[in-house]
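If you're matching them up, the sequences are chains A and B in order. Everything in the first sequence is counted per the working numbering, starting at 7 for the first residue and increasing by one. Everything in the second sequence is counted per the working numbering, starting at 7 for the first residue and increasing by one.
Please keep in mind that the hints were generated in silico from the structure rather than gathered at the bench. There could be a bad hint or two in this list.
For chains that are exact copies, the list does not tell them apart, and a pair is met inside one copy or across any two.
[What the hints assert, rightly or not] Straight-line Cα separation of at most 27 Å, DSS-like style, residue types lysine-lysine; simulated pairs:
| # | residue 1 | residue 2 |
| --- | --- | --- |
| 1 | Lys194 | Lys11 |
| 2 | Lys28 | Lys203 |
| 3 | Lys112 | Lys81 |
| 4 | Lys339 | Lys232 |
In case you want the letters, here they are:
Protein chains: 2
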Amino acid sequence: MPETKRIPVKNIYNLMVEVFTKLGVPNDEAKVCADVLIESDLTGIESHGVGRLKMYCDRIKAGIQFTNTKIDVIKDFAAIAVWDGNHGMGQVISKLAMQNAIDKAKEFGIGCVTVRNSTHYGICGYYAKMACDQNMIGITMTNARPSIAPLFGVSPMLGTNPICFGAPSDKEYDFIYDAATSISQRGKVELYNRAEKQTPEGWAINEEGKTYTDTKQLLVDLIEGKASMIGLGGMEEETGGHKGYSLAVMVEILSSALQAGSFMHHLNGWEDGKRIPYKLGHIFIAMDIEKFTDIKDFKRITGKIMTQLQNSKKRPDKDRIWIAGEKEYFQEKEIRRNGISINPGLQKNLITIINELNLEAYNNLF
Amino acid sequence: MPETKRIPVKNIYNLMVEVFTKLGVPNDEAKVCADVLIESDLTGIESHGVGRLKMYCDRIKAGIQFTNTKIDVIKDFAAIAVWDGNHGMGQVISKLAMQNAIDKAKEFGIGCVTVRNSTHYGICGYYAKMACDQNMIGITMTNARPSIAPLFGVSPMLGTNPICFGAPSDKEYDFIYDAATSISQRGKVELYNRAEKQTPEGWAINEEGKTYTDTKQLLVDLIEGKASMIGLGGMEEETGGHKGYSLAVMVEILSSALQAGSFMHHLNGWEDGKRIPYKLGHIFIAMDIEKFTDIKDFKRITGKIMTQLQNSKKRPDKDRIWIAGEKEYFQEKEIRRNGISINPGLQKNLITIINELNLEAYNNLF
Numbered sequence: 007m008p009e010t011k012r013i014p015v016k017n018i019y020n021l022m023v024e025v026f027t028k029l030g031v032p033n034d035e036a037k038v039c040a041d042v043l044i045e046s047d048l049t050g051i052e053s054h055g056v057g058r059l060k061m062y063c064d065r066i067k068a069g070i071q072f073t074n075t076k077i078d079v080i081k082d083f084a085a086i087a088v089w090d091g092n093h094g095m096g097q098v099i100s101k102l103a104m105q106n107a108i109d110k111a112k113e114f115g116i117g118c119v120t121v122r123n124s125t126h127y128g129i130c131g132y133y134a135k136m137a138c139d140q141n142m143i144g145i146t147m148t149n150a151r152p153s154i155a156p157l158f159g160v161s162p163m164l165g166t167n168p169i170c171f172g173a174p175s176d177k178e179y180d181f182i183y184d185a186a187t188s189i190s191q192r193g194k195v196e197l198y199n200r201a202e203k204q205t206p207e208g209w210a211i212n213e214e215g216k217t218y219t220d221t222k223q224l225l226v227d228l229i230e231g232k233a234s235m236i237g238l239g240g241m242e243e244e245t246g247g248h249k250g251y252s253l254a255v256m257v258e259i260l261s262s263a264l265q266a267g268s269f270m271h272h273l274n275g276w277e278d279g280k281r282i283p284y285k286l287g288h289i290f291i292a293m294d295i296e297k298f299t300d301i302k303d304f305k306r307i308t309g310k311i312m313t314q315l316q317n318s319k320k321r322p323d324k325d326r327i328w329i330a331g332e333k334e335y336f337q338e339k340e341i342r343r344n345g346i347s348i349n350p351g352l353q354k355n356l357i358t359i360i361n362e363l364n365l366e367a368y369n370n371l372f
Numbered sequence: 007m008p009e010t011k012r013i014p015v016k017n018i019y020n021l022m023v024e025v026f027t028k029l030g031v032p033n034d035e036a037k038v039c040a041d042v043l044i045e046s047d048l049t050g051i052e053s054h055g056v057g058r059l060k061m062y063c064d065r066i067k068a069g070i071q072f073t074n075t076k077i078d079v080i081k082d083f084a085a086i087a088v089w090d091g092n093h094g095m096g097q098v099i100s101k102l103a104m105q106n107a108i109d110k111a112k113e114f115g116i117g118c119v120t121v122r123n124s125t126h127y128g129i130c131g132y133y134a135k136m137a138c139d140q141n142m143i144g145i146t147m148t149n150a151r152p153s154i155a156p157l158f159g160v161s162p163m164l165g166t167n168p169i170c171f172g173a174p175s176d177k178e179y180d181f182i183y184d185a186a187t188s189i190s191q192r193g194k195v196e197l198y199n200r201a202e203k204q205t206p207e208g209w210a211i212n213e214e215g216k217t218y219t220d221t222k223q224l225l226v227d228l229i230e231g232k233a234s235m236i237g238l239g240g241m242e243e244e245t246g247g248h249k250g251y252s253l254a255v256m257v258e259i260l261s262s263a264l265q266a267g268s269f270m271h272h273l274n275g276w277e278d279g280k281r282i283p284y285k286l287g288h289i290f291i292a293m294d295i296e297k298f299t300d301i302k303d304f305k306r307i308t309g310k311i312m313t314q315l316q317n318s319k320k321r322p323d324k325d326r327i328w329i330a331g332e333k334e335y336f337q338e339k340e341i342r343r344n345g346i347s348i349n350p351g352l353q354k355n356l357i358t359i360i361n362e363l364n365l366e367a368y369n370n371l372f
């Protein structure tokens with residue numbers, strides 16, 4: 007039985023560029039796609055990196071995602087814009103959209119670009135970091151295929167609808183928060199499956215409102231729409247279940263109503279028994295810190311907030327308090343040194359892609 | 007023993023205007039303060055309405071909040087501004103700040119005003135609704151006195167730091183989300199105290215990281231800084247505890263770093279054994295929907311999202327799925343009809359205020 011292998015970052019990056027290019031994505035845009043995906047692998051978020059390469063290939067081959075990204079500007083008014091992504095490459099659309107928000111922020115202090123008819127844009131943190139690197143606050147949210155049930159409901163209605171917020175600090179790493187509005191998500195359930203562990207109670211429910219622990223059954227039922235993930239805060243008002251659910255609704259509104267785009271079950275990718283584009287919507291907001299205050303003051307205050315939290319009194323069973331962005335910073339150092347972990351299943355996937363596209367240079371990648 | 011009484015809305019409103027005016031707030035600004043407070047009582051959120059009147063009186067009398075609101079514009083650049091509230095009336099500062107954000111949104115599509123050195127601004131939803139009533143999305147957040155522990159920590163470091171988001175719909179009510187980033191908050195614990203019930207497990211911990219159920223002890227320890235509220239998502243990463251905690255950090259950054267203002271323990275209201283102003287910071291964002299898309303399309307999509315969620319399949323033990331803003335809408339109808347509930351403790355508070363300020367016209371309010 008094959009083992010998990012650590013492959014140099016550069017090799018995985020080059021493979022992804024090759025794959026996207028061979029599928030028809032212009033080479034410079036293929037690099038953007040690979041950039042966003044590798045950012046996820048580098049920060050240890052395996053669910054949104056090279057592990058998703060096959061998903062993108064499948065969608066391109068199925069004709070529901072287009073390699074030639076053509077953006078229509080629906081509205082452009084001072085600090086805001088609305089774009090239509092025409093089902094092109096989500097990463098290409100989104101990098102341009104965040105840069106446009108950043109440019110608008112330079113001119114007006116704050117900029118906002120919303121997008122409709124886009125495709126899966128990868129890890130949100132990439133776009134927030136773009137803003138941080140230019141001394142800005144970066145915010146992005148996106149809707150997604152329905153998987154969360156509303157509080158007191160049992161049908162998957164809302165996507166895992168992440169909220170991402172980045173702010174630069176004077177520490178080695180910025181504050182980068184990037185998380186779904188559900189307690190957990192399918193990618194995490196898959197990790198439990200590989201580890202042959204039960205799913206924690208409260209993450210997901212069946213159509214009778216009962217929580218799952220049978221990980222294999224949950225994965226089957228999620229595909230068939232018989233299982234729903236639970237919003238942050240859990241299943242009762244007493245535990246704050248209305249909060250995660252409502253934050254997911256907020257993200258849904260910002261990802262669809264502002265751009266007259268698609269929402270909830272229209273994002274299922276199916277219509278009349280045929281696969282159709284996912285028609286995702288995103289929002290990107292940038293705030294030019296120097297228009298508000300001295301950038302040094304901002305970074306100092308943000309850094310102090312982070313450090314004081316980290317240094318505050320710990321629970322007896324814990325020896326460390328983490329801040330959003332910190333684990334990813336250390337992960338990146340380690341992964342750049344030792345390579346990206348590719349498990350046997352993923353090795354198989356990638357070998358299939360390499361063979362199908364005749365990428366002979368990568369025959370000995372594993 | 008006196009009973010809880012229902013008092014006509016108009017009478018409570020007039021009393022609050024009188025009290026603020028008598029304390030030295032200019033009459034038109036006293037009306038703004040009363041407007042914001044009554045909005046809370048009308049929507050059934052007892053913790054932020056007339057129940058807080060005594061708190062404002064005490065702070066004004068202690069000289070840590072000023073009745074004469076003087077705003078300094080620190081920065082004003084195109085779509086953004088930074089204000090200093092000079093410890094004036096939080097409601098007056100905040101209504102002007104949200105209106106400024108709305109005016110900027112009209113001109114640039116989006117507007118953002120941040121404030122420092124403000125005071126308790128009441129219910130967030132009031133400001134989001136201002137935006138909705140002008141066909142805009144409204145967002146506001148504020149920091150607050152430290153009460154939440156970071157994940158794996160046991161010290162109160164972050165405020166209950168609420169996130170508020172409002173979007174207009176074509177239904178009878180708008181989508182108005184307004185909630186702390188903690189599971190619950192002191193006001194709710196006080197309700198459990200009045201009902202002589204145990205506090206739900208997981209809401210708060212002591213310095214050893216143990217959860218409270220003894221409601222009376224929790225209220226004492228919260229005042230002494232020995233208890234901390236828990237962020238949305240609970241006490242472990244598995245339950246999403248890093249998410250609520252990190253959202254509270256996001257709100258802290260947006261309420262302090264962007265305006266070079268105060269943060270975390272600086273908001274305690276004490277220095278060298280003396281009471282000092284709370285130095286709160288807020289952020290207000292407005293988005294002019296018509297600059298993005300047709301307002302009818304926006305309201306229709308938002309309304310559909312709300313209705314489809316409400317109509318989705320229910321858990322066997324529940325007969326209704328709620329949407330943020332819905333309960334408050336029905337509460338307001340009922341309260342306008344039957345008056346605001348004033349419990350015996352609050353009656354006593356208000357009678358004390360009425361006597362101290364010689365507001366003879368209100369001697370027979372109860």
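Worksheet item: Are there hints from earlier that the structure breaks, and if so, what are their numbers?
Response: 2, 4
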